[in-house]
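S.K.: Each chain, written out:
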Amino acid sequence: MEEKVRISPFQLSVLTILFTTGTTFLIIPSTMTAETKQDAWVSSILGIIICLGLSYFFIVCGREMGRKNYIQYLEDVYGRLLGKMIGLLYVFFCFNGTAALLSYFGFFTTTQMLTTTPIEVLHILLAILIISVVRAGLEVLARTGELMIIWVFLLLLAMIVFLLPDIQLERLTPSFVASPMNHTKAIINFVAIAGLPLVVFLMIIPKHINRPDLAKWNFIAGTLIGTGAVTVIIVLCILVLGASTTARQLYPSYVLAKTISVFDIIQRIESIMAGIWVISIFFKTAIYFYVSVVGFAQILEVKNYHFLTIPMGMLTVIFSTIIYPNIEFMSHWDAKYWPPYLIIMGFIIPLFTLITDKIKKRFKSKKASNSTS
Amino acid sequence: MLKSLGILLIFIAIAIFQIPQLAKEKMNKEIVIFSIFMVFTAVIAILKVNDVPIPNPLELIAYTLDPILNLFS
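In order, the protein sequence lines correspond to chains A and U.
According to our numbering, the first sequence holds residues 69 to 441 in order.
According to our numbering, the second sequence holds residues 60 to 132 in order.
These are computed hints drawn from the structure, not numbers from a lab.
Hints are not guaranteed to be accurate.
[Claimed, not checked] Within a straight-line C-alpha distance of at most 27 Å, the following computed DSSO-like cross-link-like pairs (lysine-lysine) qualify:
#	chain 1	residue 1	chain 2	residue 2
1	U	Lys107	A	Lys371
2	A	Lys72	U	Lys88
3	A	Lys275	U	Lys107
4	A	Lys428	A	Lys275
5	A	Lys136	A	Lys432
6	A	Lys152	U	Lys85
7	A	Lys275	A	Lys136
8	A	Lys72	A	Lys136
9	A	Lys72	U	Lys107
All chains should be built: construct the whole structure from the sequences, respecting the hints.
M.R.: Structural data, given as structure tokens:
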């Protein structure tokens, strides 16, 4: 399957920002503050550093891949059969990710805004959007991202400015009391939700970038801005709501938007603020879905991926209600299995592939030099 | 029964929309893959609307990860 889609490095960083902020905005403040209380900002800053290291690692992987995408590269390194099997693991991961994100969107909307709407309707609405955008191609998705990111940042800025009067600095005290163990747990959560899923970008960089030489800094800058925005939200949650209230909420940043009250005139603007989450969840879901469809088309070795979008999208809609039967299961699974799963998929397999490839290349060059001498 | 029929109708409509596009470009392998995929999805959808329990893929991941997690605990 050969595709001639190229996006610019700037569009790559826009997609990275929207991808890292995706669901992270909604759920991470409570998981972080549950572990490290008012010191959550320290662990999130440490988490940013690890995320930057990870994005550099993915760039290094991308450099080794040349003009192939990740699944072609896996087939190259491990041989056809084993490569395809590992590729299927990634397709399975991205498929689950899409269904889980649809589910997140459904739970968020049905618990907070449209309480009487059946959840399947919301899944189908978002799924129709992502099917049409993925059918249109990566370029369309990237250009939509360029348009939408302005709104995300305007709304985020508005939220920060409107919340300034409510900030109480003493909520940060006593500082630096969390134990290293709690910090480690919080950092692992942060990296598993914000940093490690970036592995799916290996399907986009460097194959679909028109200037691969510039992709490196744009990707790292995108990660920095995305995780930085998440840190700002965490700090705001602690400063306005307090650590223990944040930890008790399911969607603390939504509660944060509810508390906005400027001179008793600008109030209850959380539905507008929900635009931030809906837009970023849409992009995260679309990227996951794009990767799962393109990866599957790659494994089947078909001419293009467009015809797979509708059946795969419908399968995702069906599985979005099965994958998380209720919110209890969701929080249990995400806390217990998501971090180790992502460490294996996002770090151990790419690292192992990189090392195997290096050894193979060295072996080959040695053989070549032996035969010429 | 009515629900299953409705789902079948939706899937047939999608197939009528998609298969001519593929046939025009003479992608026979793709038509076969598309048909298998659609039949599979339709079966799952019909099972789902008739409340037949479908295995959860996350349970599968949890099942494979459990031995690894037990090593560290």
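S.K.: All hints are to be evaluated individually against the structure, with a verdict given for each.
M.R.: The hints, checked one at a time:
Among the hinted pairs, U:Lys107 with A:Lys371 is inconsistent with the structure: their alpha-carbon atoms are about 32 Å apart, more than 27 Å. Taking the CA atoms of A:Lys72 and U:Lys88, the gap is about 22 Å. The hint holds against a cut of 27 Å. Between the alpha carbons of A:Lys275 and U:Lys107 the distance comes to roughly 38 Å, so the proposed pair goes past 27 Å and is violated. Only pairs whose Cα atoms come within 27 Å are accepted, and A:Lys428 paired with A:Lys275 is accepted, the gap being roughly 22 Å.
Taken as a hint, the A:Lys136 and A:Lys432 pair is honoured in the structure, with Cα atoms around 20 Å apart against an allowance of 27 Å. The hinted pair formed by A:Lys152 and U:Lys85 meets the criterion: a straight-line CA distance of about 26 Å does not exceed 27 Å. A C-alpha spacing of about 6 Å is found between A:Lys275 and A:Lys136, which places the hinted pair at or below 27 Å, so the restraint holds. With a CA separation close to 12 Å, the supplied pair A:Lys72 and A:Lys136 stays within the 27 Å bound.
With a CA separation close to 38 Å, the supplied pair A:Lys72 and U:Lys107 exceeds the 27 Å bound.
Going down the numbered hints, you'll see the structure goes against 1, 3 and 9, while the others check out.
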